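Visitor: Each chain, letter by letter, is given below.
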Amino acid sequence: MKILRTILAAAAAFTMVAPAYAEYPDKPITLVVGFRAGGGSDTAARILATEMESILGQKLIVENKGGAGGAVATEYVRRQKPDGYTIGFAVATTFAFTPLTGNVAYTADDVDFVATTHGYRTVFASPKDATFDDWAGMIATAKDRGWLNYASIIPLDRAIIKYIGNKEGIEVNIVPTRGGAGARQAVLGGHVDLAFSGSNALPMYEDGALKVVAALNPEGIAEHTSIPTLSNLGYDVAASEAAVFFGPKDMDPEARAKLESALEEAVKSEAFRDFVNNKFRGFETFQDGAATAASIAEDAVAYQELLAAIKE
Amino acid sequence: MAGKGGTKRTTGPTRPVELNQDLVLGLVITGFGLLLIFWIIPAQVNDGGSFGLPPSLAPKSLAWLMVAMGAVLTVQNLKIHGDPGRGLTRVDVAYLAASVLSVAFMLVLMQWVGDWAGRPYVGFLVAAPAGLVLFTLLHTGAPLWVYLFNAVAAPLAIYIGFWWGLRLPLP
Amino acid sequence: MDFIITALLDALSLTTFLSVALGVLIGIVIGAIPGLNAPMAIAVAIPLTFTMAPLAAIGMLVGVMKGGGFGGAIGAILLNTPGEPHSAATTLDGHPLAKSGKPRKALQTALYSSVVGDSCSDLVLILLAPTLAIFALQAGPVELAAILIISLTLIASLSGKSLAKGIFAAAFGALLATVGVDPETASPRFTFGFVELFDGLPLAAVAIGVLAVPEIIMRLQEGRHYRRRDVEAVATEARQDRLTLSEFLALKMPIFRGAGIGTAIGALPGLGTTLAAFLSYAATKRFSKQPEKLGTGATEGIAATESANSAVSGANLIPLLTLGIPGNLTAALLVGAFLIHGVTPGPLIFQRDAQLIYGLFAAMIMANVMVLVIGSFGLRVFALIVKVPPYVVYPIVLLLCVVGIYVSQGGFFAVWLMLGFAVLGYLMVRLEISVVCFIIGLVLGPMIELSIRQSVVLLSRNPAAIFDHVFALVLVVATPFVAWILVRDRARLSDG
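These protein sequences, in sequence, are chains A, B and C. Note that numbering that gives the first Met the number 0 has the first sequence beginning at 0, numbered continuously upward. Note that numbering that gives the first Met the number 0 has the second sequence beginning at 0, numbered continuously upward. Note that numbering that gives the first Met the number 0 has the third sequence beginning at 0, numbered continuously upward.
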């Protein structure tokens with residue numbers, strides 16, 4: 000009898016105390032990547048996941064839910080339990096710009112941000128045999144002819160070029176393309192005067208296959224100081240893009256803090272830094288969750304003004 | 000249509016439904032095309048903000064093409080009588096419904112158990128054997144050992160191959 | 000020349016050899032699993048290469064690509080369960096031949112044509128890459144639109160018994176392909192509020208739903224009637240179940256025609272494998288001495304599609320390496336992988352990364368040989384699937400389709416779509432509406448729409464510029480004549 004009571008008491012004590020001892024993370028964490036497997040964004044996420052595994056001492060299961068520029072993953076993650084065992088990976092514009100288009104049901108307030116891990120760089124590129132060499136030359140050519148043929152990839156770059164067109168008094172003839180490859184093809188083949196492009200235009204520029212006339216990200220292109228940013232050129236618009244880790248709203252604060260510090264350590268790893276700087280050609284930047292939320296809110300206001308400006 | 004009949008004829012030879020199916024098909028296609036043109040396309044495609052060809056142009060032209068083909072099919076089959084092909088039988092419809100419901104049952108079970116467990120492959124390991132038993136039942140006349148083999152060996156092989164080999168998560 | 004020799008020595012090292020072999024093996028196995036396909040094989044293999052040396056990693060991925068191409072044909076031929084739209088062309092003759100008791104012959108035809116097609120396009124890549132890439136760039140939206148329209152006219156000859164049903168199927172496929180965010184206005188079309196549909200219907204889910212799942216349901220439906228007939232057929236035909244050398248040599252025209260078509264289309268970015276496969280099939284049907292045999296298990300049909308399919312994958316690397324423009328999904332994944340391993344696509348890649356690039360070429364040739372060797376052993380094993388009772392094969396294959404779509408498309412949404420499309424596919428087969436036309440419409444429809452809309456935007460300011468596009472104009476003018484010839488052929492065939 001006495002033994003039985005002891006066992007029961009021990010069991011009761013164990014079950015009551017157990018949760019307090021079970022420190023996060025005590026089971027595998029699912030990382031939902033908002034891009035299809037195999038791309039540059041997915042690779043960065045997987046490298047970070049591997050680093051985080053060794054820091055947290057727990058498995059990270061990478062699950063790809065690509066589509067709509069991260070919106071599919073966002074819709075999924077925000078409906079999961081906020082226990083820190085399901086987190087997402089998307090980009091800043093998924094939260095700062097996409098909700099403004101009115102096509103998705105979420106806003107930046109529907110998720111908790113964990114951290115920003117690295118930045119993307121974007122540029123305006125022109126064909127190598129274009130008659131102009133720089134931004135001013137391009138504007139002059141377009142004014143002379145009356146219009147500019149422009150290959151667009153996403154709604155944000157379209158809004159920015161429309162804004163510039165309005166300001167300069169040029170008619171912008173927007174050629175829609177699907178994905179980066181279509182725009183690349185149009186600009187390399189000389190079928191358009193100007194195209195939006197990711198940092199993968201930089202090696203092409205270094206090989207002399209195309210001209211880069213401006214950078215859209217506010218930080219500019221560090222290794223090519225001759226490429227002006229849009230603010231250098233006198234436009235108060237920019238496209239800031241960065242990789243963002245997030246979780247469902249009201250995430251367990253302890254879990255969020257642990258993930259945040261794990262990421263802060265993971266971005267310092269040699270493998271990741273090499274990937275970002277030399278392969279992906281983005282830039283290193285780390286922001287904690289609060290800073291990420293603040294900069295996304297700031298971007299959203301800027302994009303709102305941009306959209307209002309081109310509507311008039 | 001689904002679920003109607005079927006039980007009486009499961010063993011008999013497949014008999015075509017008694018009416019010219021291509022005639023009905025032509026009418027259905029025409030009707031669907033018109034439904035697209037007058038209701039679905041206006042409701043689902045927004046032409047605002049377009050500068051070249053409007054986004055609704057391709058869907059509308061395709062829908063008109065479908066209406067035209069539906070009409071051609073209808074007219075062709077008004078003249079010719081009888082059904083040259085095998086056609087769709089009631090057994091087919093019942094069978095299709097049974098197959099789809101089996102897969103749907105497995106998916107719902109997998110989703111539900113997976114959500115509840117929150118760990119990879121728990122939902123799969125519960126639902127896949129159930130699904131395989133149902134699928135094997137659909138193929139009538141399998142010996143008993145096959146049910147056991149399909150329900151145990153196959154999910155286990157997929158689990159080992161996909162999870163341990165390829166690290167692909169399933170619910 | 001020194002670096003070429005170094006590169007070849009590099010490629011011949013044991014590590015490279017083993018990684019290419021491993022890649023081919025992974026590709027064949029994953030490509031052959033119903034529900035999975037070559038792009039999925041690449042996506043799975045990329046993380047495995049993170050820690051490998053650049054050449055070994057790239058060699059392995061090229062091996063996966065090539066192995067995956069052949070693996071896709073295995074499922075298509077033996078089980079009629081294609082994993083990608085272009086494999087639907089392989090099923091047209093491959094499956095009837097396998098079903099008639101000659102699975103090995105069908106697989107051998109596919110393997111040998113595939114390796115020949117691949118080697119031809121690799122040769123073009125190695126000898127002509129930079130020149131060809133610059134030439135291919137001349138093709139802008141106007142040219143692509145013209146090429147697509149004339150190709151579609153050629154492919155229209157594949158529309159089964161009823162032309163009206165065939166055109167309906169293609170139109171319906173093209174209509175479903177308009178689902179998603181419109182590239183021009185960025186507003187969604189037919190998405191019914193689902194974010195998952197913004198990037199369009201997941202092609203793999205639709206293809207497997209329409210092509211593979213109905214086949215499985217019908218085989219299950221045949222139930223106990225199926226097995227005996229099948230075994231009898233296998234027993235009587237087994238002795239002739241291999242491709243003789245003279246039979247293979249007789250296929251040289253379809254194979255080289257397919258290799259030519261595949262190489263040309265692969266070098267032009269933005270057209271893709273499905274177009275090449277069906278175009279080659281249609282051309283072979285047009286020029287065959289026995290066009291009525293195609294579709295009933297003719298080796299010509301298998302050779303035409305498989306050589307074209309594989310030729311695309313080699314030629315695809317031309318725009319990929321020199322311009323960074325991927326020609327299809329598999330190539331798109333390769334660009335990312337190349338970047339990870341420090342190979343930056345660009346016109347100067349042959350100078351900048353010479354050693355790696357020539358190593359890659361050596362690895363490609365090595366991979367072709369390996370596909371031949373591993374494939375020859377593998378097809379003996381795979382051909383045995385036909386002897387496994389259907390009540391074991393089909394339930395498991397159905398589960399694999401579900402699992403494959405879940406993992407490759409990221410969730411249940413695509414699986415439910417697959418199931419919905421299975422209903423559509425089943426009804427289409429029973430009502431004799433061409434599923435192949437539906438798939439062609441689905442794949443080519445959006446390309447035609449986008450290139451026409453791009454052309455309209457580009458020419459809107461200056462319509463007279465259309466006369467700069469002589470090549471496109473010639474094709475557009477030729478289209479009605481091609482259509483007329485095909486209609487005449489059709490009438491003649493149905494008379495005879």
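No lab work stands behind these hints: they were computed from the structure. A few of these clues could be false.
Straight-line distance between alpha carbons at most 16 Å, and here's what the computed EDC-like set of lysine to aspartate or glutamate pairs gives [said to hold, decoys possible]:
#1 A/K80 x A/E253
#2 A/K278 x A/E205
#3 A/K278 x A/E222
#4 A/K26 x B/D46
#5 A/K80 x B/D46
#6 A/K248 x A/D128
#7 C/K98 x C/D240
#8 A/K80 x A/D249
#9 A/K278 x C/E246
Stretch by stretch, here's where chain C covers chain A in the computed footprint (C-beta under 8 Å, at least three residues) [stated by the list, open to error]:
#10 26-40
#11 86-96
#12 130-139
#13 231-244
#14 249-255
#15 294-308
Only a predicted model underlies this, so the values are computations on that prediction, with no experimental measurement involved. Virtual Cβ for every residue (Gly too), placed ideally from N, Cα, C.
Visitor: Taking the hints in turn, state whether each one holds.
Guide: Going through the hints against the structure:
no., hint, result
1, A/K80 x A/E253, "holds, 15 Å"
2, A/K278 x A/E205, "holds, 14 Å"
3, A/K278 x A/E222, "holds, 14 Å"
4, A/K26 x B/D46, "violated, 49 Å"
5, A/K80 x B/D46, "violated, 39 Å"
6, A/K248 x A/D128, "violated, 50 Å"
7, C/K98 x C/D240, "holds, 12 Å"
8, A/K80 x A/D249, "holds, 9 Å"
9, A/K278 x C/E246, "violated, 49 Å"
10, 26-40, "holds (count 5)"
11, 86-96, "violated (count 0)"
12, 130-139, "violated (count 0)"
13, 231-244, "violated (count 0)"
14, 249-255, "violated (count 0)"
15, 294-308, "violated (count 0)"
When each numbered hint is compared with the structure, violations occur for hints 4, 5, 6, 9, 11, 12, 13, 14 and 15.
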